[in-house]
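Student: Single-letter residue listing:
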Amino acid sequence: MLIRKAPDVRSSEITPKNVYLRRREFLQASAAALVAAGYGSLAGPADAQVRTKLKGPIKKSPLSTLGPNDKINQYAHVTTYNNFYEFGTAKDEPAVNARNFKTTPWTLEVEGEVAKPAKYQLEDFIKPFALEERIYRMRCVEAWSMVIPWVGIPLKDVVDKVQPTGKAQYIEFVTLYDVGRMPMQRSTVLDWPYIEGLRLDEAKHPLALLAVGIYDEVLPGQNGAPMRLVVPWKYGFKGGKSIVKMRFVEKQPKNTWQVMAAHEYGFFANVNPNVDHPRWSQARERRLPDFLPTTKTQMFNGYDQVASLYSGMDLRKNY
Amino acid sequence: MKPIALLKAAAFAAALIPAAALAYRFYRFFYAQDLNALTANPGDYITDQTGTWALAMLVITLTVTPLRRLTKWNELVKLRRMLGLFSFFYATLHMLTWVVFVNYFDVRAMIADVGKKPYIFVGMGTFLILLSLAVTSNRFALRKLGRRWQKLHRLVYVAAIGGVIHFWWLVKADITLPRRWAVAVALLLGFRIWWAWRSKPGPARPRPVRPHQLAP
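Those sequence lines, one after another, are chains A and B.
Quick note: the first sequence uses numbering that gives the first Met the number 0, first residue 0, plus one each step.
Quick note: the second sequence uses numbering that gives the first Met the number 0, first residue 0, plus one each step.
Just to be clear, a hint being listed does not mean it is correct.
Unchecked claim - DMTMM-like, lysine to aspartate or glutamate: derived pairs with alpha carbons at most 25 Å apart:
| # | chain 1 | residue 1 | chain 2 | residue 2 |
| --- | --- | --- | --- | --- |
| 1 | B | Lys115 | A | Glu263 |
| 2 | B | Lys115 | A | Glu141 |
| 3 | B | Lys171 | A | Glu92 |
| 4 | B | Lys171 | A | Asp289 |
| 5 | B | Lys171 | A | Glu122 |
| 6 | A | Lys203 | A | Glu122 |
| 7 | B | Lys116 | A | Glu141 |
| 8 | A | Lys70 | B | Glu74 |
Claimed, not checked - Over 10 Å on every C-beta distance to chain B, these chain A residues come out as not near it, computed from the model:
| # | residue |
| --- | --- |
| 9 | His76 |
| 10 | Glu110 |
| 11 | Pro205 |
Said to hold, decoys possible - From the derived model, a few chain B residues whose C-beta atoms are all more than 10 Å from chain A:
| # | residue |
| --- | --- |
| 12 | Leu141 |
| 13 | Lys143 |
| 14 | Arg153 |
| 15 | Leu154 |
| 16 | Ile164 |
| 17 | Arg179 |
| 18 | Trp196 |
If you are wondering where the hints come from, they were derived from the structure by calculation, not from laboratory data.
All C-beta atoms, glycine included, are put in the ideal place defined by N, C-alpha and C.
Chain B on its own, in the form it takes in the complex (with noise of 0.2 Å):
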């Protein structure tokens, strides 16, 4: 197995983790009893956690291309497209705890809920944004759309920060976490900026890698 491989096996295995714990406080509180397994009130803990961490996921992703130029170790672009994917995946339930535990199926609920509060304004535009980019994450849309692709792509910039603003402006008090997600999405981007700025001058630019080029 090469190195490469390897890794995208262990990155595989460890976003699952807070889908399996999650699964496994399922089981403890409905199967072993354990009322507290998922603290007190279960639909606020299922919604913190799976927002938590499409977020982390989809800052992890972020932090591909930085390391890869940092390392120059190519190869790494391969863990973008999976990351992203697992991002998606927590974002969607997510969405699904949003649509049951707090608008219980109510749609004229969870239309107000759009209109009226910003936070679910932004978090639904933001996850309409991983939405578009999950379905144009094949290699056929890739094909097909071509340069476009890139630019539809670089949306994941906006769903990084409309992430944070989404986590921001939901707390109603202690801004400790959303802030500690600003600083990371603003190092992430900062660094992209950096470096295009850095490599602007110079003839020697190093020609982005494409997922499609390193395909086997």
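For reference, chain A alone in the conformation it holds in the complex (with noise of 0.2 Å):
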């Protein structure tokens, strides 16, 4: 029975409402003897999140990409499985911590090498972009998969509009650091803020997108509200959340996971089945919620336009 694939979910099937329900009647079943045995909490917030759909028209997207072994993952696996520390170091954390996470208001900063630094309120300065819906696969260094329904702007289009200078040559994202909004940035876990970067030839690749809702409603959040990084070629710890600050740098930034252990995480962490993790292989990975890593790895998890960015260069080395 071990080996029996997870039951197929139909994408009528991800109405959340039910999904909630169901969870707590089996919470309320079970209460007793799994607290007994030590289990604290199950995944998922006890009420559940407002949700709100996003204003506007959706686009779309012909980047989107599904393949036949990919499916739609449903909301509540990707809203109940996430890796943001700062709302805490276990998978089901972020959904309960996060969950009256306020983002309005949000100021972006843009600085260093463009045209014109400035601080915008986030409302405006996605204003004038249309957004549109990108599927993506999401490949996480821990060795699993989603495939999520994002919706956002293209990264390149917010580029071109801030003008960098001919000296930028990367792209520095700084992440909230609010002790008082979250919670675990008061523990040394991590070095807070949550830094990541970009070569800006990767940036401005039309695959990277400033990623502001899924499921064409606004970015819960610990899904990285109210805007983060989405870069599908690479491992997920890339794709910074609740971005503050878009920094143009000449020298290439230190991302935070390369400062934790740097024999681990590179800067580049694209996703490569040849070069395994020090803790995880990666030749293959698990397409949640999939039981067994049946899935290969594939390069740049699949988006081969991007290898052109990658030529001449170690990938061994450059990690």
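Hints are included, so try docking the two chains, each in its own frame, into the full complex.
Tutor: Take a look at the structure:
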């Protein structure tokens, strides 16, 4: 029975209300036994999160990728299984701790080597751009993956708008540091704030996205509200969440996980089945909620169109 | 029923609760179609749970002797083998999750895993210790091994330390949980050192009770 495949989900079954209700029943039925056995919490918040439809038209992008084996994950999984250490280091904690995360007002700062450094109200910043739906595979460095219908704006359009100077080679993405709103930032488990970075040509690749939503809805706190980076050919940790600053710089930024453990996490972090991580073999992945790693990991997570960005580079060294 | 027999039955039932909870989640997942019953990542969830309970049972096993010394209720030793075997039971499930959910039966990948990943190496070593203790936990092996039996079974201390190191090395950044287990193991081993030191000089050192001396 262990090797049976997870039951299939039709998209009509992703109705979250039902899922939450069923989870509650399950919780009540088994609470006593589970608590006795030391099971503190099940994935997911006890009260349903407020969900808001995104305003305005959302264009279906031709850059969406749904291969023959790709199926959009259900909303409940995408929003209760998160690596977002600012809200807790266990996968189920961000969904609970980010439930009431306030993202209005939100200031986005663009600084460094750009023609017009400025501070923006996030809403004003996004308004001129058309929202697009981008269905991407997301491959975590922990050897699992999901298929997520993001909604956002192409990073390329943003870069073009702020006009980097000739000196700009990289973008450093700085995320929110606010101990009052992100409880885990009281600990020293990571070096806050969380920093990520891209080379300028990577940032200008049409696939790179600044996401503000999922499933046509406003991005929930645990997924990186109000705006996060999505770089589908790289491991998930490259996607900085709750971005407050984009800094255009000359030198390669130090991203947080590289600072934490440079021999494990590099700057580029391109999905690569041939280069193992010290903790996880990267040859295969589990397409959640599958039990088994039956999916073979593809170079650049299957987004071959980015290969030319790295021609001539030793991707074993530049992991 | 004697109190110790009652306690043993209760401990047996309690030690099965984690396995029963997992089985119930399996049932919810496959038959009730509750896709959240095992979290979004069932493979990791089952690996984490079985690993945690293997370590927990090992630590509980190590509390038997200190409790026996402190309460002078020597019959408590009758729980020890059973609890140790439960640790082996969860450790076996945990090892199988690594075979199936992580390596997908790929023998070459498993060998590479043991060689390349320090936390897997230590975990495998710990499992092999538990395996050797489990197969020699019967009365036949006890008689056959004589004095060497006790020496062999002192490896349980190495297994406890190995279990903590395995956990410590596998977490990415947050060492809160492995640190708790490290404190527990340190206290339990520290008690033994203290006890040995305390009872050394006097001639009235209590003879250790061996399981076969208590057998009916």
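Student: Run every hint past the structure and note whether it holds.
Tutor: Consistency of the hints with the structure:
1. B:Lys115 <-> A:Glu263: The given pair, whose Cα atoms are some 13 Å apart, holds under the 25 Å limit.
2. B:Lys115 <-> A:Glu141: Holds, at roughly 16 Å.
3. B:Lys171 <-> A:Glu92: Cα-Cα ~16 Å, so holds.
4. B:Lys171 <-> A:Asp289: holds (23 Å)
5. B:Lys171 <-> A:Glu122: violated (35 Å)
6. A:Lys203 <-> A:Glu122: Status holds; Cα separation ~22 Å.
7. B:Lys116 <-> A:Glu141: holds (14 Å)
8. A:Lys70 <-> B:Glu74: violated (58 Å)
9. His76: violated (4 Å)
10. Glu110: It holds; Glu110 (chain A) is separated from chain B by about 29 Å at its closest Cβ, greater than 10 Å.
11. Pro205: Holds: least Cβ distance 29 Å, greater than 10 Å.
12. Leu141: holds (32 Å)
13. Lys143: holds (36 Å)
14. Arg153: holds (28 Å)
15. Leu154: Per Cβ check, Leu154 (chain B) is outside 10 Å of chain A; nearest 27 Å; holds.
16. Ile164: holds (15 Å)
17. Arg179: Given a closest Cβ separation of 12 Å, the condition holds.
18. Trp196: Correct as stated: the minimum Cβ-Cβ distance to chain A is 33 Å, above 10 Å.
The structure fails to meet hints 5, 8, 9 from the earlier list, while all remaining hints are met.
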